[in-house]
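Each chain, letter by letter, is given below.
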Amino acid sequence: MFQILEKEQYSEKVFKFRIHAPQMAKKAHAGQFLMVRPDDTGERVPFTFANWNPEEGWIEFIFMVVGKTTECLSKLNEGDYIKDVTGPLGCPTEITGDRVAVVGGGVGLAIAYPVARMLCEQGKQVSVIMGARTKDLLILFEQFAALPLENLFITTDDGSMGEKGVVTLPLARLCETDAIDQAFVVGPVPMMKFSTRTCREHKIPIIASLNPIMVDGTGMCGCCRVEVGGETMFACVDGPDFNADLVDWDDLAHRQATYRTEEAASIKHYEEDCACQK
Amino acid sequence: MPEVKTYRPNIGAPRTPANEEPAAERARDFRPVDTGYTKADAVAEANRCLDCKKPFCMEGCPVGVHIPQFIEKIREEDWAGALETIKGDNLLPSVCGRVCPQESQCEGKCILGRKGDPVAIGQLERFVGDMADEVGKAPECKPSNGHKVAVVGSGPSGIACAGELAREGFDVTVFEAFFTGGGVLTYGIPEFRLPKAIVKREIDGLEQLGVHFEYNSVAGRLFDADELFNEMGFDALYLAVGAGLPRFLHVPGENLPGVYCANEYLTRTNLMHAYQFPEYDTPIKHGRDVVVFGGGNVAMDAARTALRLGAESVTLAYRRTEAEMPARLAEIHHAKEEGVKILELASPLRFLPGPDGFVSTIELQRMELGEPDASGRRRPVPVQGSEFAIPCDVAVTAIGTRANPFAKLCADVELNRWGLIEADEDGRTSNPRVWAGGDIVTGAATVILAMGAGKKAAASIAKTLLAEDAE
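Line by line, the protein sequences give chains A and B.
Counting from 1, one number per residue, gives the positions in the first sequence under our numbering.
Counting from 1001, one number per residue, gives the positions in the second sequence under our numbering.
With the rest of the complex left out, here is chain A (with noise of 0.2 Å):
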């Protein structure tokens, strides 16, 4: 059993925890990922790292109420405890590059957030790219913002912060201008996949974090399976970071919405389920 110590949420549907998980926040690193199983019926579900405290013993992630399994754990409060909570998972994030441009869209910000902060703590030139569908959808702003990056620009789809438009219009003029020698996206697919074109076109390497449907998380299973140059590979032990420019982008949407139905019939029986209750 993992207790939460601390629940805080961002926006409607997005939620960070803080877990009581010593020996896991020893050996965290950036880019890895836990798999958390809320009780005995839940699913098994993948969130990356969002910070970690080796000292107080403690492990953060962030997350967003997708489906079933997210929406029961949004209940849970301070105090209250996870059934099983497995990682480190996956390997840690590694850059090359000296001047970075790190994307990250919704979610993904979580994610983005313990990268940037391990290339600036790296001495490296970090320019930090925010992107959200709105204002409200847009965490962790202040985190990034206070550290000391080269650059930091915000877009959302509606134009309710930062610039209006999508993440790839500032990951162009970062190109152009030559501010970067490699780029980090994580976030939606169809994000990844533009920011990995637009990189394609001014010869920027760049790597992204995938986050396909997973199991068990330790290679068992092939439910994470990628396709990344012409190669079968398992973004549980292979990745989750891969080389962005050799992913097959359409074969990891289709697979990412194998159970859309089953997703809806799950969550229309938990409201059913609450209703009872009530």
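Just so you know, the hints here were simulated from the structure itself, not pulled from any lab data.
Only a predicted model underlies this, so the values are computations on that prediction, with no experimental measurement involved.
Hints are supplied without guarantee of correctness; some may be wrong.
One side of the interface only, derived from the structure: several residues of chain A facing chain B at Cβ under 8 Å [said to hold, decoys possible]:
1) H20
2) M24
3) K27
4) T41
5) N53
6) G219
7) C221
8) R225
9) T232
10) V237
11) D251
12) A257
13) H269
With a Cα cut of at most 16 Å, we get these calculated EDC-like pairs of lysine to aspartate or glutamate [claimed, not checked]:
14) K83/A with E1214/B
15) K27/A with D1224/B
16) K26/A with D1224/B
17) K26/A with E1227/B
18) K268/A with E1279/B
19) K1408/B with E55/A
20) K1087/B with E1140/B
21) K26/A with E1231/B
22) K1408/B with D1204/B
23) K27/A with D1226/B
24) K27/A with E1231/B
25) K27/A with E1227/B
All C-beta atoms in this analysis are idealised placements derived from N, C-alpha and C, irrespective of residue type, glycine included.
Take the given structure of chain A and dock chain B to it, following the hints.
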């Protein structure tokens, strides 16, 4: 005076039939396929044993279970004695009785099998194992010797090693990455073939022996061998991480939604209870026309799971013929009885999507058997121009597994070119503090071999650590 044996086997008696549930009924839910022998069945079957002076059955057993002796105890209705006899060699009789390929081991060697049906040794072993609920008692442990041993993986090999060491007075901790124990016995083998209550009984038994289980503990990421030895106070490590990394067909369309590898299909169903969705949150696709590729036990498990998830047609496509299938005979028999259709000499060429993007059709190619390959089985060769297509909305590939990639993260031990750990007969690796056994040493094999390796390694660990004390 020499002991006079008065036992006369009932030579004319036919093999006592298994108590199987009707195929049409059992294929609709996850109940056990076979309810096992009653006491009367077991005694009747035990009376068929010839009690050979030179028991070939024992030679056929990879761990040398004293088969005629435990069968004799059954005849005497000494259930506790029978259990004790088996457990001297095999710690998991309830499991092995259900999953061992008896026809190529003990029963394959039974003299009775030359002219008729061999003694149902598997059924008898299972019966005795299950009698633990009635007559089992916690084995006695030697007093604590102060040594701590870490076991990584709670599958059959890890369980066996932990149990043996605990009995010898070692302080044993098993580290398991999943939230529950049993390894492949839990995530791989379905409820209808191996009820999870049996796996739980084995794990509970170990806990009673004082074995600690640390779940959600990913060795190699959360800690490694150096930390186990230098910071956590362990004196030895047994690596039993298995070989669960799936192989793929590498044909076009294999990543389409609806195409599973068996590990995922079975893990969702068994470990995550997807068959109880939406009471359990983990979903699975319930296909109408399911096609499974492979000819081993895992392929049979997947095909029979598909039936139980409500498929209208389940086809098992195999590159060779039924005669070459590596699955247990009982599984092939059960699968066919339940309605699984076997498509021999067929190999997939590609998976094609329907309008919704999910797999809808498989293109296959006819094969014919050519010259024997390295495994001694005749190699399947494609027949040119024999392509054909069948409808399919869920496909499952069950064509084998590879080494667990975490082996190399756990400890600095020599691996072979397949990523399997190099270990000797006793499980010793290139690292004098680290032992290994089970599938991570042999590649995918049987529960009994994995269990036997755990037992041997435990003896070697005990001998090594206790010898150091004596110095």
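Quick rundown of the hints versus the structure:
The interface hint given for H20/A is broken, as the beta carbon of that residue sits about 13 Å from the closest beta carbon of chain B, more than 8 Å. A distance limit of 8 Å between C-beta atoms decides the matter here; for M24/A the minimum to chain B is near 7 Å, and the interface restraint holds. Nearest Cβ of chain B to the Cβ of K27/A: about 6 Å, under the 8 Å cut. The hint holds. Interface restraint check for T41/A: the shortest CB-CB distance to chain B comes to about 5 Å, inside 8 Å, so the restraint holds.
For N53/A, the suggested interface contact is broken, since its CB lies about 16 Å from the closest CB of chain B, more than 8 Å. Of the supplied interface hints, the one on G219/A holds, with its beta-carbon coming within about 5 Å of a beta-carbon of chain B, less than 8 Å. Because the beta carbon of C221/A sits about 4 Å from the nearest beta carbon in chain B, less than 8 Å, this interface hint is met. Annotation: R225/A was flagged as interfacial toward chain B, and the flag holds, the nearest CB pair being 6 Å apart, inside 8 Å.
Checking T232/A against chain B: minimum C-beta separation of about 6 Å stays under 8 Å; hint holds. Satisfaction of the interface hint for V237/A is found here, the shortest Cβ-Cβ separation to chain B being roughly 5 Å, below the 8 Å cut-off. Because the closest C-beta pair between D251/A and chain B is about 5 Å apart, less than 8 Å, the hint holds. Interface restraint check: A257/A against chain B, minimum CB-CB distance 7 Å, threshold 8 Å, status holds.
Residue-level restraint check for H269/A holds (minimum Cβ-Cβ distance to chain B is 4 Å; threshold 8 Å). For the hint pairing K83/A with E1214/B, the CA-to-CA distance comes to about 14 Å; that is within 16 Å, so the pair holds. Proposed proximity of K27/A and D1224/B is supported: the alpha carbons are some 11 Å apart, at most 16 Å. As the CA atoms of K26/A and D1224/B are separated by approximately 13 Å, the hinted pair is consistent with the 16 Å bound.
Restraint check for K26/A and E1227/B: the C-alpha separation of about 12 Å stays at or below 16 Å, so the hint holds. Taken as a hint, the K268/A and E1279/B pair is honoured in the structure, with Cα atoms around 12 Å apart against an allowance of 16 Å. The suggested pairing of K1408/B with E55/A is violated, with an alpha-carbon distance near 28 Å, which exceeds 16 Å. Note on K1087/B and E1140/B: the hinted pairing holds, with a Cα-Cα distance of about 13 Å set against a maximum of 16 Å.
Our distance criterion of 16 Å between C-alpha atoms is met by K26/A and E1231/B, whose separation comes to about 13 Å. Annotation: proposed proximity of K1408/B to D1204/B is violated, straight-line Cα distance about 30 Å (limit 16 Å). Between K27/A and D1226/B, the direct Cα distance comes to roughly 14 Å. Compliance with the 16 Å bound is thereby established for this hinted pair. Taken as a hint, the K27/A and E1231/B pair is honoured in the structure, with Cα atoms around 14 Å apart against an allowance of 16 Å.
With a CA separation close to 12 Å, the supplied pair K27/A and E1227/B stays within the 16 Å bound.
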